[in-house]
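Participant: Sequence:
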Amino acid sequence: MAHNYTQEQREFIKKNYPGIKTPVLAQMFNERFGTDLSRQQIKSYLTNHGLHNGVVCRFEKGHVPANKGKKNATRTLCSLRQNNVQKRPRSGKS
2 MAHNYTQEQR
12 EFIKKNYPGI
22 KTPVLAQMFN
32 ERFGTDLSRQ
42 QIKSYLTNHG
52 LHNGVVCRFE
62 KGHVPANKGK
72 KNATRTLCSL
82 RQNNVQKRPR
92 SGKS
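First residue of the sequence shown: 2, per the working numbering; consecutive thereafter.
In case anyone wonders, no lab produced these hints; they're calculated from the structure.
There may be inaccurate statements among the hints.
Computed list of lysine-lysine pairs in DSS-like fashion (alpha-carbon distance at most 27 Å, straight line) [unchecked claim]:
id, residue 1, residue 2
1, 44, 22
2, 16, 44
3, 44, 62
4, 15, 44
5, 72, 62
6, 22, 62
Derived Cβ-Cβ restraints for the label pairs, each shown as a range [stated by the list, open to error]:
id, residue 1, residue 2, range
7, 65, 91, 50 to 56 Å
8, 66, 5, 22 to 28 Å
9, 64, 34, 15 to 21 Å
10, 69, 15, 40 to 46 Å
11, 71, 4, 46 to 52 Å
12, 73, 25, 34 to 40 Å
The beta-carbon is built from N, C-alpha and C at its ideal position, and this holds for glycine as well.
Let's have the full structure, built from the sequences with the hints guiding it.
Facilitator: Shown next, in the form of structure tokens:
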């Protein structure tokens with residue numbers, strides 16, 4: 002369902018959106034105005050009005066992962082399973 006934003010609501014979003022993630026902005030908006038808008042509705046408003054909050058939710062270039070240099074647990078477990086398989090002689094076939 003479409004939401005018609007009042008001038009006060011538009012000003013609130015424009016004033017508060019920089020540096021705040023969309024779910025937090027949606028919660029602030031709903032508490033302030035007593036509405037029940039979803040995160041996606043607020044995100045759509047920002048996108049449709051060309052507003053970018055500047056929050057980067059990706060790894061920056063040069064980021065070092067926490068598990069760098071550690072062995073892959075899944076690969077180690079699979080190799081252990083392969084080594085533990087015992088071959089049985091086939092019955093009835095030579």
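Participant: Against each hint, give a clear statement of whether it holds in the structure.
Facilitator: Now for the hints, and whether the structure bears them out:
The suggested pairing of residue 44 with residue 22 holds, with an alpha-carbon distance near 9 Å, which does not exceed 27 Å. Under the criterion of a C-alpha separation no larger than 27 Å, the hint pairing residue 16 with residue 44 is consistent with the structure, at around 15 Å. With a C-alpha separation of about 26 Å, the suggested pair residue 44 and residue 62 falls inside the 27 Å cut-off, and the hint holds. For a cut-off of 27 Å, the pair hint linking residue 15 to residue 44 stands: about 13 Å separates their Cα positions.
The hinted pair formed by residue 72 and residue 62 meets the criterion: a straight-line CA distance of about 23 Å does not exceed 27 Å. About 21 Å separates the Cα atoms of residue 22 and residue 62, which keeps this hinted pair within 27 Å; it holds. Our hint of 50 to 56 Å for residue 65 and residue 91 holds, since their Cβ atoms are close to 51 Å apart. Take residue 66 and residue 5: their Cβ atoms lie about 45 Å apart, and the range 22 to 28 Å is violated.
A C-beta distance of roughly 38 Å is found between residue 64 and residue 34, which places it outside the suggested range of 15 to 21 Å. A beta carbon spacing of about 41 Å between residue 69 and residue 15 agrees with the range 40 to 46 Å that was offered as a hint. Our hint of 46 to 52 Å for residue 71 and residue 4 holds, since their Cβ atoms are close to 48 Å apart. The beta-carbon spacing between residue 73 and residue 25, approximately 35 Å, falls within the hinted interval of 34 to 40 Å.
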